[in-house]
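Trainee: Sequence:
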Amino acid sequence: MEIPPDVVGNEFAEVSVRIDADANSRRVRLEDLRTGRVRFLDALELETLVWLPEGNLRRLLDPAADRWREDA
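Sequence positions in the sequence shown follow full-length UniProt numbering and run 1 to 72.
To be clear, the hints were calculated from the coordinates, so they are not data collected in a lab. These figures come from a predicted structure and were not determined experimentally. Even for Gly, the Cβ is constructed at its ideal location relative to N, Cα and C. Relax, there's no trap hidden among the hints.
Cβ pair distances, simulated, as ranges:
id: 1; residue 1: Asp-22; residue 2: Leu-57; range: 26 to 32 Å
id: 2; residue 1: Asp-22; residue 2: Ala-64; range: 31 to 37 Å
id: 3; residue 1: Ala-64; residue 2: Pro-4; range: 31 to 37 Å
Please model the complete structure; the sequences and the hints are all you need to start from.
Mentor: Dropping the structure here:
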């Protein structure tokens, strides 16, 4: 049974979030609704985000690092 997606959004981004069960284990499927880009995160990747120090996460949130680059 497929779980319907939910949308998380604000003035900067809008992302579809759903649980994907098509792989060997359940994972989170994230889709950038602006670009259609999709990323899957498994349990280990999600746990890493939870334990990531705040400063490290802030660096990832800089859109100039990847999102706005032509070669990204």
